[in-house]
Each structure stands twice: as C-alpha cells, then as structure tokens.
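Read off the chains here:
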Amino acid sequence: MGDRGGSFTLGQIAQALGAVLEGDARRVITGVAPLDAAGPDQISFLTTRKYLRLARSSRAGALLVPADVTELPGPLLKTSSLQTALIALLRLFYPEAPLSPGVHSSALVAPDSRIHPEAFVGAFAVIEPRAVVGARARIFPLTYVGEGAEIGEGSTLYPRVVVREGVRIGRRVIVHSGAVLGADGFGFAFDGSRHQKIPQVGGVVIEDDVEIGANTTIDRATLGDTVVRRGTKIDNLVQIGHNVEIGEHSIIAAQAGVSGSSRLGRGVVLGGQAGIGDHVTIGDGAMLGAQSGVTQDVPAGEKLFGTWGRPMMQARRIWLAEAQLPDLVRTLRAVERRLERLEARLGIAPAGEGQGDDA
Amino acid sequence: MGDRGGSFTLGQIAQALGAVLEGDARRVITGVAPLDAAGPDQISFLTTRKYLRLARSSRAGALLVPADVTELPGPLLKTSSLQTALIALLRLFYPEAPLSPGVHSSALVAPDSRIHPEAFVGAFAVIEPRAVVGARARIFPLTYVGEGAEIGEGSTLYPRVVVREGVRIGRRVIVHSGAVLGADGFGFAFDGSRHQKIPQVGGVVIEDDVEIGANTTIDRATLGDTVVRRGTKIDNLVQIGHNVEIGEHSIIAAQAGVSGSSRLGRGVVLGGQAGIGDHVTIGDGAMLGAQSGVTQDVPAGEKLFGTWGRPMMQARRIWLAEAQLPDLVRTLRAVERRLERLEARLGIAPAGEGQGDDA
Amino acid sequence: MGDRGGSFTLGQIAQALGAVLEGDARRVITGVAPLDAAGPDQISFLTTRKYLRLARSSRAGALLVPADVTELPGPLLKTSSLQTALIALLRLFYPEAPLSPGVHSSALVAPDSRIHPEAFVGAFAVIEPRAVVGARARIFPLTYVGEGAEIGEGSTLYPRVVVREGVRIGRRVIVHSGAVLGADGFGFAFDGSRHQKIPQVGGVVIEDDVEIGANTTIDRATLGDTVVRRGTKIDNLVQIGHNVEIGEHSIIAAQAGVSGSSRLGRGVVLGGQAGIGDHVTIGDGAMLGAQSGVTQDVPAGEKLFGTWGRPMMQARRIWLAEAQLPDLVRTLRAVERRLERLEARLGIAPAGEGQGDDA
Numbered sequence: 000m001g002d003r004g005g006s007f008t009l010g011q012i013a014q015a016l017g018a019v020l021e022g023d024a025r026r027v028i029t030g031v032a033p034l035d036a037a038g039p040d041q042i043s044f045l046t047t048r049k050y051l052r053l054a055r056s057s058r059a060g061a062l063l064v065p066a067d068v069t070e071l072p073g074p075l076l077k078t079s080s081l082q083t084a085l086i087a088l089l090r091l092f093y094p095e096a097p098l099s100p101g102v103h104s105s106a107l108v109a110p111d112s113r114i115h116p117e118a119f120v121g122a123f124a125v126i127e128p129r130a131v132v133g134a135r136a137r138i139f140p141l142t143y144v145g146e147g148a149e150i151g152e153g154s155t156l157y158p159r160v161v162v163r164e165g166v167r168i169g170r171r172v173i174v175h176s177g178a179v180l181g182a183d184g185f186g187f188a189f190d191g192s193r194h195q196k197i198p199q200v201g202g203v204v205i206e207d208d209v210e211i212g213a214n215t216t217i218d219r220a221t222l223g224d225t226v227v228r229r230g231t232k233i234d235n236l237v238q239i240g241h242n243v244e245i246g247e248h249s250i251i252a253a254q255a256g257v258s259g260s261s262r263l264g265r266g267v268v269l270g271g272q273a274g275i276g277d278h279v280t281i282g283d284g285a286m287l288g289a290q291s292g293v294t295q296d297v298p299a300g301e302k303l304f305g306t307w308g309r310p311m312m313q314a315r316r317i318w319l320a321e322a323q324l325p326d327l328v329r330t331l332r333a334v335e336r337r338l339e340r341l342e343a344r345l346g347i348a349p350a351g352e353g354q355g356d357d358a
Numbered sequence: 000m001g002d003r004g005g006s007f008t009l010g011q012i013a014q015a016l017g018a019v020l021e022g023d024a025r026r027v028i029t030g031v032a033p034l035d036a037a038g039p040d041q042i043s044f045l046t047t048r049k050y051l052r053l054a055r056s057s058r059a060g061a062l063l064v065p066a067d068v069t070e071l072p073g074p075l076l077k078t079s080s081l082q083t084a085l086i087a088l089l090r091l092f093y094p095e096a097p098l099s100p101g102v103h104s105s106a107l108v109a110p111d112s113r114i115h116p117e118a119f120v121g122a123f124a125v126i127e128p129r130a131v132v133g134a135r136a137r138i139f140p141l142t143y144v145g146e147g148a149e150i151g152e153g154s155t156l157y158p159r160v161v162v163r164e165g166v167r168i169g170r171r172v173i174v175h176s177g178a179v180l181g182a183d184g185f186g187f188a189f190d191g192s193r194h195q196k197i198p199q200v201g202g203v204v205i206e207d208d209v210e211i212g213a214n215t216t217i218d219r220a221t222l223g224d225t226v227v228r229r230g231t232k233i234d235n236l237v238q239i240g241h242n243v244e245i246g247e248h249s250i251i252a253a254q255a256g257v258s259g260s261s262r263l264g265r266g267v268v269l270g271g272q273a274g275i276g277d278h279v280t281i282g283d284g285a286m287l288g289a290q291s292g293v294t295q296d297v298p299a300g301e302k303l304f305g306t307w308g309r310p311m312m313q314a315r316r317i318w319l320a321e322a323q324l325p326d327l328v329r330t331l332r333a334v335e336r337r338l339e340r341l342e343a344r345l346g347i348a349p350a351g352e353g354q355g356d357d358a
Numbered sequence: 000m001g002d003r004g005g006s007f008t009l010g011q012i013a014q015a016l017g018a019v020l021e022g023d024a025r026r027v028i029t030g031v032a033p034l035d036a037a038g039p040d041q042i043s044f045l046t047t048r049k050y051l052r053l054a055r056s057s058r059a060g061a062l063l064v065p066a067d068v069t070e071l072p073g074p075l076l077k078t079s080s081l082q083t084a085l086i087a088l089l090r091l092f093y094p095e096a097p098l099s100p101g102v103h104s105s106a107l108v109a110p111d112s113r114i115h116p117e118a119f120v121g122a123f124a125v126i127e128p129r130a131v132v133g134a135r136a137r138i139f140p141l142t143y144v145g146e147g148a149e150i151g152e153g154s155t156l157y158p159r160v161v162v163r164e165g166v167r168i169g170r171r172v173i174v175h176s177g178a179v180l181g182a183d184g185f186g187f188a189f190d191g192s193r194h195q196k197i198p199q200v201g202g203v204v205i206e207d208d209v210e211i212g213a214n215t216t217i218d219r220a221t222l223g224d225t226v227v228r229r230g231t232k233i234d235n236l237v238q239i240g241h242n243v244e245i246g247e248h249s250i251i252a253a254q255a256g257v258s259g260s261s262r263l264g265r266g267v268v269l270g271g272q273a274g275i276g277d278h279v280t281i282g283d284g285a286m287l288g289a290q291s292g293v294t295q296d297v298p299a300g301e302k303l304f305g306t307w308g309r310p311m312m313q314a315r316r317i318w319l320a321e322a323q324l325p326d327l328v329r330t331l332r333a334v335e336r337r338l339e340r341l342e343a344r345l346g347i348a349p350a351g352e353g354q355g356d357d358a
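Chains as they are written, first to last, in numbering that gives the first Met the number 0: chain A, 0 to 358; chain B, 0 to 358; chain C, 0 to 358.
Treat the hints as calculated values from the structure; they're not laboratory data.
As the structure is a computational prediction, the values presented were derived from the model and not from experiment.
Treat each hint with caution, since some may be false.
[As the list claims (entries may be wrong)] Label pairs and their computed distance ranges (CB to CB):
| # | chain 1 | residue 1 | chain 2 | residue 2 | range |
| --- | --- | --- | --- | --- | --- |
| 1 | B | 73 | C | 96 | 55 to 63 angstroms |
| 2 | B | 109 | C | 82 | 52 to 60 angstroms |
| 3 | B | 319 | C | 115 | 38 to 46 angstroms |
| 4 | B | 53 | C | 336 | 53 to 61 angstroms |
| 5 | C | 111 | B | 29 | 55 to 63 angstroms |
| 6 | B | 56 | C | 82 | 42 to 50 angstroms |
| 7 | B | 6 | A | 110 | 52 to 60 angstroms |
| 8 | C | 298 | B | 53 | 19 to 27 angstroms |
[As the list claims (entries may be wrong)] The list that follows gives simulated cross-link-like pairs (lysine-lysine, DSS-like), each with its CA atoms no further than 30 angstroms apart:
| # | chain 1 | residue 1 | chain 2 | residue 2 |
| --- | --- | --- | --- | --- |
| 9 | C | 302 | A | 196 |
| 10 | A | 302 | B | 77 |
| 11 | B | 196 | A | 49 |
| 12 | C | 302 | A | 302 |
| 13 | B | 49 | C | 196 |
| 14 | A | 77 | B | 302 |
| 15 | B | 77 | C | 302 |
| 16 | C | 49 | A | 196 |
In this text, a Cβ means the ideal position worked out from N, Cα and C, and glycines have one as well.
Go ahead and model the full structure; you've got the sequences and the hints to work with.
Put into structure tokens, the structure is as follows:
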C-alpha cells in the first residue's frame with residue numbers, strides 16, 4: 000500500500016481533487032476514514048444521501064461531498080464527480096509504491112526473453128524463453144511467465160500468478176495472486192472406454208485495462224483464442240472456459256463460471272456464483288443475478304435471475320408465489336371437493352366426463 | 000504427517016487419552032483405522048451408536064467408545080468425551096512433525112523483517128521488508144509474506160500461500176496452500192465509459208485459532224479492515240469480499256462466498272456453495288444451507304435454505320409441493336371448466352363478471 | 000504448445016491420421032483452424048452435420064470429415080472415427096514440447112528423494128525428503144512435492160502445483176497450475192466453546208490417466224485415503240472433500256464440489272457448480288446437471304437437476320409450470336369466489352364444512 004504517513008492541508012486536498020473547499024484551507028488532515036470511524040484529523044466522504052444522518056454525526060475533520068449537498072456543517076469539499084474525487088483522495092493519501100525497475104538477482108530469466116529495462120521482476124520469478132515483458136510492467140515474486148508469453152506496458156502480475164506459454168496480456172492489466180491464465184481447456188472425446196484428451200493448442204488474449212481476481216482461472220482455447228476484451232473486471236475464483244469471449248467493460252463477480260465457447264457482449268454483468276452454459280451468447284448489457292444460470296442465449300439488455308434464468312421481475316413474482324404453493328395444493332383439493340358436492344346436487348356427471356368434453 | 004511408525008500398548012493409550020480400559024493393558028497397537036478397515040493390530044472408534052453393528056463385526060484389536068456403550072465384546076477404551084479422545088488418539092499415532100526452527104538458505108528474507116529465532120522459514124519463501132514472523136510460526140516453501148505483514152506465534156502457512164502487504168495474522172492460525180489473503184477488493188466506479196478502479200487501501204485481520212482452506216481468497220478492505228474473528232474455520236475455495244466481518248467460531252464450508260461489507264455474527268454456519276450478498280447482516284448462530292443465497296439480513300438463530308433463502312422447513316415444503324405443480328396447473332384448468340358448466344346450468348354470468356364483483 | 004511451424008502434405012496427413020484422402024495428395028497444409036477461420040493453406044474439420052452449411056462456405060484447403068459425408072466439394076479426409084482423427088491432427092501440427100530430462104540447478108531436491116534420471120524438475124521446484132518422481136515425469140517450476148509423495152511415470156505437474164506429504168499420483172496424470180492435493184480435510188469437533196481440529200492423517204490417491212484442473216483442491220482423508228480412480232477428468236476450481244472416492248472415467252465440471260466421505264461411481268458426470276452433500280453415494284453413470292445439488296443417494300444412471308436434485312424431465316416441467324404460478328394463485332382465488340357464489344345460490348353451507356367432511 001506504500002506510505003500511509005502523508006498529511007495534507009484542506010487547501011492542498013481541494014486542489015488535488017479539483018474540489019471546492021468550504022472551510023479553513025490550512026487545516027491539516029492526516030488520513031481518510033469511513034464516516035463512523037473518522038476522527039478530527041481525518042477526512043471522510045458521503046457517497047450517497049442515504050448516509051446524510053451518519054455524516055451529520057461524524058467526527059471527521061472534513062467531508063468530501065457531492066456539490067448539491069448543503070445540509071452539513073463543518074469543512075466540506077464539494078465535487079461534481081464524487082467517485083472520481085474519492086479515487087483521487089485515496090491515491091493522494093495512499094500512493095502506489097513507486098516502481099523499482101530491475102530484475103531481482105534470484106529471478107530466473109531466460110536469456111532469449113525480452114525484459115524492458117523499466118520493468119520489475121521479483122524474487123524467484125520465472126520468465127521462460129521468448130517471453131516479453133513491457134515497460135513499467137511488474138512481475139512480483141514467485142510468478143511464472145511461460146514461453147513466448149507477452150506482458151504489456153504497465154501491467155502488474157501479483158505474487159504467484161501463472162501465465163502459461165503464449166498467453167498475451169495487454170497494457171495496464173492487473174492480475175491478482177493465484178490466477179492461472181492459459182491452463183488447458185476441458186476438452187475430451189469419449190471413445191467408448193475412456194476420455195481421450197483433445198489437445199488444447201490455442202491461446203489466451205487479455206486486452207488492455209482488464210483486472211483479474213485472485214485464484215481465477217482462464218483456460219486457453221482448443222484452437223484460436225480465449226479473449227477478455229478491454230476494460231473488463233473479473234473478481235476472484237472465477238472460471239472462464241476455453242474459447243470464451245468476454246466483451247469490453249464487463250463485470251464478472253466472484254465464483255461465477257463461463258463454460259466453453261460462450262460469448263458475452265459488451266458491458267455484461269454476471270453476479271456472484273452465476274453460471275453460463277457452453278456455446279451460449281449473452282447480448283450487450285445483459286445482467287445475470289447472483290447464483291443464476293443460463294443455458295440459452297440471452298438478448299441484449301435482459302436481466303435474468305435463477306437457475307435456467309428468468310427475467311428478474313418474473314423470478315421475484317414466482318418466488319413470492321411459491322411461498323403459497325403448499326397452501327395452494329390444499330386449497331385446490333378443497334375446491335375439488337366443493338365442486339363434487341355441487342355437481343352431485345345438480346345431478347351432473349363426475350369430473351372425468353367434464354374433462355372428456357374437451358378431449 | 001510425521002512418523003506413522005509408532006506403536007503403543009493399550010495401557011499407554013488409555014493413559015494418554017484419559018480413558019478407562021476394559022481389556023489387556025499389555026496388548027500392542029500399531030495404528031488407527033476405521034471400523035471396517037481395522038485389523039487386530041489396530042484400534043478403531045465408535046463415534047455414533049448408528050455404527051454399533053459395524054463395530055460388532057470389526058476385526059479391530061480395540062475400540063474407543065463412549066462410556067455408556069456396553070454391548071461390545073473385546074478390549075474397549077471408554078471415554079466420556081469421544082471426540083476429544085479421538086483427537087488425542089490420532090495425535091498419539093500421528094504426531095505433528097517436530098518444528099525445525101531456522102530460515103532455509105534459499106529463502107529470501109528482507110534484512111529489516113523480524114523473524115523469531117524459533118520460527119521456521121522454508122525454501123524459496125519470500126519475506127518482504129518490515130514483515131514480522133512470531134515464535135514457532137512455520138512459513139513453508141514458496142510462500143510469500145508481504146511488506147509489513149504479521150504472522151503470529153505458532154501459526155502455519157503451508158506451501159505457496161500469499162499474504163499481501165500489511166495483513167495481520169494472529170496466533171495458532173493455519174492457512175492452507177494456495178490461499179490468498181489481502182488481494183484487492185472488487186471495487187470500481189463506472190464513469191459512463193469505463194470502470195475506474197477504487198484503490199483498496201485497507202487491510203485484513205485474521206484473529207487467533209482461525210483455519211483457512213486451500214485456494215481460499217480473503218480480500219483486503221477498501222478502507223479499514225476485512226476481519227475474521229477468533230476460532231472461525233473456513234474451508235477451501237471460499238471467497239470473502241472486502242470489508243467483510245466474520246464473527247467468532249463460525250464455520251464456512253467450501254466454495255461459499257461472502258460479498259463486500261457483509262457482517263456475519265458469532266457461530267454462523269454457511270453450507271457449501273452458499274452465497275451472501277453485499278451489505279448483509281447475518282445474526283449470531285444463523286445457518287445457511289448448501290447452495291443457498293441471501294441478499295437480506297438474517298436474524299440470529301435463523302436456518303435458511305435456497306436462493307433468496309427461506310426458512311428450512313418452508314423450503315422443504317415448497318420443494319415437495321413443487322413436484323405437484325405441473326399437475327396443479329392441469330387440475331386448475333379442469334376445475335375452471337367444471338365451474339363454467341355449473342354456472343351455465345344455473346344461468347350465472349361467466350367468470351369475468353364474478354371477478355368484477357370484487358374490483 | 001511446442002512448435003507450430005510444421006507443414007505437411009495432404010498425403011502425409013492422411014497417412015498420419017489413417018484417413019482416406021479425396022483430393023491432391025501433394026497439396027501443402029500449414030495449420031489447423033475452425034471452419035469459419037481457416038484459409039486455403041489450412042485444414043479444418045466437421046465434428047457434426049449441424050455445421051455442414053458452414054463447411055460448404057469454408058475457405059479451408061481441406062476438411063477432415065466423417066466417412067459418410069458426401070455433400071462437400073474440395074479435398075476431403077474421411078475417417079470413421081472423427082474425434083480420434085482430430086486429436087491426431089492437432090498432435091501432428093502442435094506436437095508436445097519434447098521432454099528435457101534433468102533437474103534444474105535452482106530446484107531444491109532433498110538428497111533422499113528419488114528422481115528418475117529421465118524425469119524433469121524445473122526451476123524453484125521443491126522436492127522434499129523421500130519423495131519419488133518417476134520416469135518421464137515433468138515437475139514444472141515453482142511446484143512443491145511433499146515428503147514421501149509419489150509422482151508416477153509420465154505424469155505432469157504444471158507450474159505451481161502443491162502435492163502435500165504422502166500423496167500418491169499414478170501414471171500419465173496431468174495436474175494443472177494452482178491445484179492443491181492433500182491439504183487437510185475440513186474436520187472439527189465442537190466442544191461447546193470452540194471447534195477442535197480433528198487431525199487429518201490420511202492420504203490422497205490419484206490413479207492413472209486422471210486430469211486435474213487449475214486451482215482445484217483435493218483434500219487428504221481423515222484416515223485412509225481420498226481416491227480419484229483411473230481415467231477421471233476434473234475441471235478447474237473443483238473441491239473434493241476428505242475421504243471422497245470418485246469412480247473411474249468420471250467427469251467433474253468446473254466449480255463443482257463433493258463433500259466429505261461421498262462416493263461417486265464409475266462414469267459419473269457432474270455439471271458445473273454442482274454440489275454433492277457429505278456421505279452421499281452416486282451410482283455408476285449418474286449425471287447431475289449444472290448448479291444441481293444432492294444430499295441423498297442417487298441410483299445408477301439417474302439424471303438429476305436443481306437444488307435437492309430432481310429427475311431432469313420433472314425439473315424441466317416444474318420450471319415451465321412455475322412461470323404460471325403467480326397467475327395460478329390469482330386464478331385459484333377467483334375460482335373460490337365463483338364457488339362461493341354457486342354455493343350461496345344453492346343454499347349450500349360454506350367451504351369450512353366441506354373440508355370438515357374429510358377430517
């Protein structure tokens with residue numbers, strides 16, 4: 000997390016954030032904290048009006064708030080873009096550790112790999128032949144970069160990542176510890192007595208600005224490439240099968256899984272533990288709720304929920320109706336008995352015949 | 000597993016376990032085995048009366064049994080606390096490998112880290128600057144301990160664990176291989192065109208006597224700490240999101256996931272593959288069944304099941320009623336036809352009007 | 000992936016595959032590609048007649064097709080066993096990298112381990128005392144092989160696998176990066192105030208020709224062994240609990256989980272994210288759909304789906320009927336009102352009495 004000892008005046012902070020200060024510019028702030036934990040030397044922030052009451056009772060020395068908030072006393076930093084200002088605030092107090100370029104003496108770097116002189120390679124990292132590591136890339140300790148793999152400029156592989164042979168990673172990509180990129184896809188042909196392995200000879204392409212969570216696995220393609228497009232963010236323990244393509248700026252929450260050859264559009268959102276069957280196409284901007292599953296194509300913009308995913312509102316209505324289902328069964332039996340009594344009174348033949356009328 | 004070659008007399012075993020022996024104290028036992036696999040040189044155990052029949056036919060040379068079991072022939076070791084005695088029995092025959100303190104010559108230990116002289120640090124382990132490793136802690140090979148991280152007395156990090164910078168681990172904690180503690184939380188702000196990363200500058204605190212399974216991931220907080228309290232046991236492949244707090248003595252089964260900022264009370268039990276949404280509070284002693292999901296707060300002591308978790312008994316009744324659902328649809332249609340016939344006979348206006356009466 | 004620069008004539012390819020060539024045997028092919036991506040120098044393949052139209056419009060220089068396909072122009076390679084021929088084709092153009100036997104100078108190999116002279120041990124690998132590595136086995140960099148563990152002939156441990164002490168791995172087994180074999184099973188005994196750890200002193204046995212996916216975890220047994228039998232294929236991020244036994248030639252898809260002491264038969268198929276409770280027996284050839292769960296025994300050959308798994312067809316029918324459930328509730332209420340009206344007209348006592356008739 001780098002240094003946490005920074006302290007700044009409210010004037011300096013306002014300037015760094017491009018925010019308008021209402022308060023004493025010389026007041027010194029030594030850290031950032033949530034509303035309920037911040038003390039008089041710390042700055043806090045209001046991300047939603049829902050927390051206005053909490054903000055009012057906060058002991059924070061200053062508050063970063065949306066420009067239209069007026070109900071609060073004390074020093075305020077007002078901004079028209081709270082999230083962006085908050086990011087700048089966190090980066091101000093918690094700057095990223097400066098890059099120390101160079102290859103650690105214990106790292107094993109193949110002579111015919113190409114490591115940019117401004118790149119960092121940590122202890123016990125392994126860089127195999129013909130791999131390429133770009134400028135300002137950081138390969139943390141105990142990470143493996145396979146033969147011919149490419150790590151783009153400014154990308155970070157945290158400790159103990161595996162990038163298998165031939166995998167191509169773009170610029171400013173972040174890969175968290177334990178992730179495995181380019182293991183074999185799960186492909187077998189049953190020959191009547193055993194599962195024969197289908198060689199998985201394709202690759203993996205991770206485009207710029209993607210983030211990949213801890214212990215996530217992205218398999219190499221059988222042929223061609225498994226692709227994660229620009230700006231997509233993938234959480235921890237996610238499984239991406241072989242030949243999958245995930246569109247730009249999508250969000251894949253933890254423990255979700257995408258089976259082989261499925262294609263997700265741009266801006267798709269998968270909730271935690273969601274699952275996509277194989278050869279499924281998910282349209283742009285579609286959202287799947289947590290724990291939902293789909294085995295059929297999903298149109299753009301659709302919001303689905305549940306196993307064999309349904310539209311969210313329908314899923315909710317069914318869930319509510321289900322609570323009445325056991326009573327429903329009983330009520331329906333009572334209704335049938337009442338009908339029989341009425342039919343008997345009117346001398347109408349029993350139900351079987353009535354059904355027969357339609358057949 | 001240490002040495003498995005130990006052999007003990009029944010007298011020695013009784014003494015070690017604080018059990019009462021009924022049988023020949025000089026009989027020699029060379030190992031422990033389940034009821035159906037044990038031979039005459041081995042001791043077995045009866046954890047529940049359900050297995051009495053199996054115990055009767057066992058070839059085991061002796062049996063460890065609850066004090067009130069009388070129906071069995073042959074040498075018995077009787078105890079009022081079977082589980083505790085069984086643990087002692089296993090530890091007797093399978094003692095933990097003795098600790099060999101010291102830092103392996105291939106480990107990379109930063110000069111300004113503090114490794115207790117009674118700690119063990121294995122081959123190719125990396126201990127970054129200002130990290131602290133307590134007495135009798137064991138850092139197995141290929142494990143990474145980040146800058147300023149703390150590993151408490153008697154804790155074990157198995158091979159290939161990642162503890163990122165600043166993470167604090169208490170005493171007697173066990174972390175299994177592949178676990179990642181302190182990767183970034185999954186936090187982004189969409190600015191209309193791309194997901195901006197929200198710096199994750201908080202930490203992770205693991206209290207005393209916690210166990211963390213293989214390939215489990217526990218993310219660092221955005222601000223503040225992600226906390227796992229004393230005595231909680233977490234299985235493999237579990238995801239714990241940023242700013243989550245898990246109370247004391249809880250049990251989290253494999254592949255469960257807890258989303259950001261949720262708080263679990265004391266003694267909570269999550270079944271395998273269960274999922275908790277973000278910002279959810281789970282009361283003390285609540286239990287969630289396997290594969291269940293909740294996005295709303297759960298009161299203390301509640302037992303829930305299913306996606307959008309329901310009380311266990313209700314979930315079970317709905318599940319049983321669902322089996323009749325397809326028939327229900329057909330029956331209800333038949334009922335409507337019968338009603339129409341009755342209404343026609345009596346000259347009553349059709350259903351539409353009847354419904355209108357209530358509107 | 001080895002060399003991709005190979006080029007072969009159609010005659011050579013036909014011979015290597017045992018296929019019948021219809022076309023010019025001297026035509027040169029430089030690679031393999033899917034139907035829609037292949038160019039005139041590449042060969043493609045038709046795995047199912049579903050893609051006949053795509054095959055007709057393909058620009059591929061030749062097509063590998065089933066023997067009974069006649070509708071296609073251009074050079075054809077005909078085979079009676081397409082999958083096997085396809086595997087041979089991929090292996091021809093993408094041969095596995097040749098094994099380079101020997102122990103890397105940076106690997107840490109215990110003096111009393113036994114590494115076959117034809118085995119490969121990569122950089123920063125750790126082989127603990129008394130471990131055995133067979134002929135032509137490949138231990139990739141950063142992998143850990145614990146004390147007394149055995150790796151059979153021709154097996155591959157990709158970078159950063161953990162094989163804990165005493166685990167036995169058969170021949171031609173493939174273990175992908177990040178997998179952890181032999182971590183402690185999840186076993187605790189609650190003593191009223193805390194969870195006491197039950198020592199996990201058993202082992203793990205992986206039989207011949209098994210494949211284990213990236214970041215998958217297979218726990219050691221409490222006593223005895225956790226067993227994965229011959230020819231079974233396990234995908235990524237799968238959890239196999241302690242004392243589980245999985246029969247021969249089974250398929251376990253990604254993110255599935257099997258709880259402690261469950262036994263799966265031969266040829267069982269678990270879909271992605273499926274979950275099996277503890278102490279459950281699954282019969283030979285049973286199939287569980289994706290995201291399904293079972294806590295009861297499953298007979299051989301059964302196909303189940305959904306949480307508390309149901310037969311696949313029943314699950315589907317319920318799912319379809321559920322869509323009508325909210326309407327059903329409303330319809331049933333309307334039916335009750337109509338009944339009341341009829342009963343009133345006929346001077347029949349209200350429903351309560353009718354139900355009483357049965358009681």
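For each hint, the structure was consulted:
About 59 angstroms separates the C-beta atoms of residue 73(B) and residue 96(C), a value consistent with the hinted range of 55 to 63 angstroms. For the hinted restraint 52 to 60 angstroms between residue 109(B) and residue 82(C), the CB-CB distance of approximately 53 angstroms keeps it satisfied. For residue 319(B) paired with residue 115(C), a C-beta distance near 58 angstroms fails the hint of 38 to 46 angstroms. Judged by the Cβ atoms, the range 53 to 61 angstroms given for residue 53(B) and residue 336(C) holds: they are separated by roughly 60 angstroms.
Look at residue 111(C) against residue 29(B): about 24 angstroms separates their beta carbons, and that is not inside 55 to 63 angstroms. Our hint of 42 to 50 angstroms for residue 56(B) and residue 82(C) holds, since their Cβ atoms are close to 48 angstroms apart. A beta carbon spacing of about 55 angstroms between residue 6(B) and residue 110(A) agrees with the range 52 to 60 angstroms that was offered as a hint. In this structure, residue 298(C) and residue 53(B) meet the distance hint of 19 to 27 angstroms, their C-beta atoms being roughly 23 angstroms apart.
With a CA separation close to 25 angstroms, the supplied pair residue 302(C) and residue 196(A) stays within the 30 angstroms bound. Our distance criterion of 30 angstroms between C-alpha atoms is broken by residue 302(A) and residue 77(B), whose separation comes to about 60 angstroms. For the proposed pair residue 196(B) and residue 49(A), the alpha carbon gap of about 23 angstroms is at most 30 angstroms, so the pair holds. Annotation: proposed proximity of residue 302(C) to residue 302(A) holds, straight-line Cα distance about 29 angstroms (limit 30 angstroms).
Proximity of residue 49(B) to residue 196(C) is assessed by CA-CA distance (about 23 angstroms); at most 30 angstroms being required, the pair is judged to hold. Between residue 77(A) and residue 302(B) the CA atoms are separated by roughly 45 angstroms; this puts the pair beyond 30 angstroms, and the hint is violated. A distance of roughly 45 angstroms separates the Cα atoms of residue 77(B) and residue 302(C); the hinted pair therefore is violated under the 30 angstroms criterion. For a cut-off of 30 angstroms, the pair hint linking residue 49(C) to residue 196(A) stands: about 23 angstroms separates their Cα positions.
When the structure is compared with the earlier hints, violations turn up for hints 3, 5, 10, 14, 15 and for no others.
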